[in-house]
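Chemist: Each chain is listed here by its residues.
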Amino acid sequence: MENIAKLEALLFFYGEPVDMSVIARILGITLEECEKEVSHYEQILSSSNGRGLLILRKGNSIQLATKPELKEIGEAIVKDEFRESLTPAALETLALVAYLSPVTRATIDYIRGVNSSYSMRNLSLRGLVERGEEKGASFRYSPTQEFLKHIGVQHVKMLPEYERYHSLLQTFARTMEEVSVSEHEEKNPETPFDEVPKEKAE
Amino acid sequence: MENIAKLEALLFFYGEPVDMSVIARILGITLEECEKEVSHYEQILSSSNGRGLLILRKGNSIQLATKPELKEIGEAIVKDEFRESLTPAALETLALVAYLSPVTRATIDYIRGVNSSYSMRNLSLRGLVERGEEKGASFRYSPTQEFLKHIGVQHVKMLPEYERYHSLLQTFARTMEEVSVSEHEEKNPETPFDEVPKEKAE
Amino acid sequence: MYELKLDQYQGPLDKLLELIESKKMEIGTIALASVTADFLHYLEGFKIDLGIDEDSLSEHAQYDAPLELLADFLVVASRLLLIKSKTLLPSLELTPDEQAEIQDLEVRLKLYQEFKRTQEHVRACWSDMPKMYTREFMLSAQVLFYPPSSIGPNELLGAILKISGALESAMTPKVRVKNQILNLRTKIEEVIAKLTNIPQNLRALHGEGNRTELVVLFLAILHLIKQQIVKVEQVDHFSEIMIAKMDALKVE
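Residue numbers (this note's numbering), protein chains in the order written: chain F, 1 to 202; chain R, 1 to 202; chain V, 1 to 252.
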């Protein structure tokens, strides 16, 4: 059996997102070989109209999912159980988490100008955002695979104008420092700029 | 998208054996066309060393499964997943199930503030918790006898400071039920299709 | 239920942006000054809109979150008030802190305006039903007994203690709202004190209408503070909520 068959079996069996290093270990290959194998598999899946699956990516984890073009197949099976509608506050918070992840609640609060604890908790309960690593005393939030499944993209980076918005906050943070508002803001727990999200965390 | 892609997506997601007539209905084709499509797919899967899956037939039902030659992949991942001690998220979930049992996943989610479906499924597969009676649309979970025996406790009531924390957490859970989070929590999360994401990253 | 209700409301920046955009103005001091009255007018409607009624304040769920939201609005309102005062009274001296606050509001509003586009993007992609479906975790695995290596009753209790601790701290009374309201009151007192200390400058006002407007703004805020904001204290989650009106303002 080829490695690609093993990869397929593994992803199918596991179901949940699985870390690339775990895949490499189980298949007995190096991380580089693994990444190559995954890219190859991804390529096969996406290039063929005869395949119904694709690879969802989040950070170093991957997961198999059905293609968004086939959403009516899933809908025919699940009916309304997975329905998730968004209120304006939930949408606002979720959009910021998606574009800025990993991001602290303080940053979200700062941009929205309101306390987002309820919205964040609600999204977290619904499995649309999740808490990741701790940054100092606060957690950093990211969108989940469930979010990707609802919007039908394989990776948050494929959201429209992702790069622009992802880097926008840092530009603003620098501007803020230049106008030296930071001194004033330091007393204020709302200020998020000591913890601007970094690309490398993705 | 070709019918074969739809078939693949359906079988992948459905999980359980599914009757040929159901497949035909969802794909919007006749039973004969469906049988032809399935045979074709079956042929593709079994003839290639690059595919890790096969079709299992039982009467008129079919199911997608990993190839028997790749059995060790499944075993390796099970070992990998369960060899480790519990993640903080899983331990938290297990402790809440123990101190609140029998308890619904919605209550656990609410207390933890995150979606616990992945942790709960993990604990179930490890034989540490089990589903009991239904409460409304959702199941109630308890620790397994085997687990209690393993930690040397005959009954949950013999857990340290059981009374105190059992009532404290119950009071909290009840307060929240009154505030009534959202109708979202009431939907049945326990179908075979349940795969609301997890707080794995924690 | 209040939580669901809260979700339907616009935040202060969102409201402010809407007001400015409805006047087709660019974000800046002039625009902010020109929408101050509208913003405060919107704020005045809060009590009715959110159903905060002193008779129902004993119902925890009825007022808690809206009060939080109101506090966020008041922060913005206090800054607008500064901007408006400065526009009407150019000779009014602002402290460096106050200058910074005004600048901060502008910058944040611009930031908010930028990021509002992300909502449109996500809304455009979003579908209530998922577009993709995945398999359940280890759907075909057999349930066996795999106990974790080291676990006992004490580990379970340890986890429970951690959760209980987190719950307790999540329920400690929120002093933030109270502080913000007190800060705002101080700010208004300061501005009014400045006005009365420099009576000669009042004549420098551009016109009667403007002066009236300024007075109306202060009155609106004072009214809001006296009539609608109450001091809220709660010792812990399950105790009774103590409510007391704030002391009458010394100014006026």
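What the hints contain is simulated information worked out from the structure, not anything from laboratory work. Predicted model, so just to flag it, every value in this text is computed and none were measured. Hints may contain errors.
What the hints assert, rightly or not - Dumping the calculated DSS-like pairs for lysine-lysine here, alpha-carbon to alpha-carbon at most 25 Å:
id, chain 1, residue 1, chain 2, residue 2
1, F, 36, R, 67
2, V, 86, V, 110
3, F, 157, V, 110
4, R, 71, F, 36
5, R, 157, R, 79
Chemist: Any hints from earlier that this structure breaks? Give me their numbers in increasing order, please.
Modeler: Number 5 only.
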